[in-house]
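Residue numbers (the numbering used here): 343 to 609.
These aren't lab readings, by the way, just hints derived from the structure by calculation.
Where a beta carbon is used, it is the ideal one built from N, C-alpha and C, also for glycine.
There may be inaccurate statements among the hints.
[Unchecked claim] Derived DSS-like pairs: lysine-lysine, alpha-carbon spacing no greater than 27 Å straight-line: (1) K465 with K492; (2) K492 with K542; (3) K465 with K386; (4) K430 with K363; (5) K364 with K353; (6) K489 with K542; (7) K587 with K574; (8) K581 with K571; (9) K394 with K442; (10) K542 with K490.
[Said to hold, decoys possible] Have a look at the derived ranges for each label pair, beta carbon to beta carbon: (11) E473 with K532: 22 to 32 Å; (12) Q468 with G531: 28 to 38 Å; (13) P608 with E481: 27 to 37 Å.
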Amino acid sequence: MPELPEVETIKRALEKSILGKKITGVIVYEPRVIREPKKEAFIKGLQGVTIKNILRRGKLLILELSSGKSLAIHLKMTGQLVYPGNGKASRVSFKLSDGKTLDFNDQRLFGELRLIDNWHDLKFIQKLGPEPFALTPEEFKKRLAEKKTKIKPLLMDQNFISGIGNLYAAEVLFRARINPARPAASLSGKEKELLFKEIKNTLQEAIKYQGSSVDSYVKLNGQPGNYVKYHKVYDRQGKPCLVCKQSIQRIALGGRGTYFCPHCQPR
DNA sequence: AATGGGACCTGCGCGC
DNA sequence: TGCGCGCAGGTCCCAT
Numbered sequence: 343m344p345e346l347p348e349v350e351t352i353k354r355a356l357e358k359s360i361l362g363k364k365i366t367g368v369i370v371y372e373p374r375v376i377r378e379p380k381k382e383a384f385i386k387g388l389q390g391v392t393i394k395n396i397l398r399r400g401k402l403l404i405l406e407l408s409s410g411k412s413l414a415i416h417l418k419m420t421g422q423l424v425y426p427g428n429g430k431a432s433r434v435s436f437k438l439s440d441g442k443t444l445d446f447n448d449q450r451l452f453g454e455l456r457l458i459d460n461w462h463d464l465k466f467i468q469k470l471g472p473e474p475f476a477l478t479p480e481e482f483k484k485r486l487a488e489k490k491t492k493i494k495p496l497l498m499d500q501n502f503i504s505g506i507g508n509l510y511a512a513e514v515l516f517r518a519r520i521n522p523a524r525p526a527a528s529l530s531g532k533e534k535e536l537l538f539k540e541i542k543n544t545l546q547e548a549i550k551y552q553g554s555s556v557d558s559y560v561k562l563n564g565q566p567g568n569y570v571k572y573h574k575v576y577d578r579q580g581k582p583c584l585v586c587k588q589s590i591q592r593i594a595l596g597g598r599g600t601y602f603c604p605h606c607q608p609r
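Generate the whole structure from the sequences, applying the supplied hints.
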């Protein structure tokens, strides 16, 4: 479940530690995580290239390379990047010119590595909604206007707005005091403004604390992020609401576990 | 357009 | 105790 704050945390750490270094070799332990091209071409295409630029779009990490190609990394549920690598449970290991390795770990193999000519051409990128931090309240309200879906699945829709997953959708809606099952179109102008504000606030705060380590997210150095202790609803079912003391509920919405306070977030 | 389901995966927690 | 089952969720894809 790495979402925008977790991927941003990793991106910033990568910039400090591997930017400008050369990939001197690639060891593939689990070919299934390499989505394109085939393993041999993937290894060959990365051999000897320098990492020129590191970007994030939504939850996707992009390393631009001296060859003109890019390495796109999606961590999906359980993907990790660890530097310096320790070789433990690594699916793919990148040897760098500093003698250390960058390890890609992924227990469940949902993660995706792609070596591509132009990352702008990725279908995922072409359909991707705007970055929360590059959006104005007016634009956000406008995008919300015609939507008939429930607000929580909509926030998680990467084509609507990028970077928000199950965890931060729950946290944001609690802070905006909006019930996750509300139809998006039913939100008042004030609620839309507050929601947008809380999206930015929550993501910013989570980045400050370097992400939420529930499940398997770790920072580039292998250590957990610190934001879990600030969660107000996620994974807190049955526990007292930090505002009103009522029990936090968990329901299924769009097939996903959804946490909220029935008192603070009424229908 | 929206919604629901399955697929991809594996480790964990639960019930019996 | 041990086993089998369901669940967890990011994204894509298909069906309705």
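Tested hints:
no.: 1; hint: K465 with K492; in the structure: holds, 25 Å
no.: 2; hint: K492 with K542; in the structure: holds, 20 Å
no.: 3; hint: K465 with K386; in the structure: holds, 24 Å
no.: 4; hint: K430 with K363; in the structure: holds, 22 Å
no.: 5; hint: K364 with K353; in the structure: holds, 17 Å
no.: 6; hint: K489 with K542; in the structure: holds, 21 Å
no.: 7; hint: K587 with K574; in the structure: holds, 11 Å
no.: 8; hint: K581 with K571; in the structure: holds, 14 Å
no.: 9; hint: K394 with K442; in the structure: holds, 18 Å
no.: 10; hint: K542 with K490; in the structure: holds, 23 Å
no.: 11; hint: E473 with K532: 22 to 32 Å; in the structure: holds, 24 Å
no.: 12; hint: Q468 with G531: 28 to 38 Å; in the structure: holds, 31 Å
no.: 13; hint: P608 with E481: 27 to 37 Å; in the structure: holds, 28 Å
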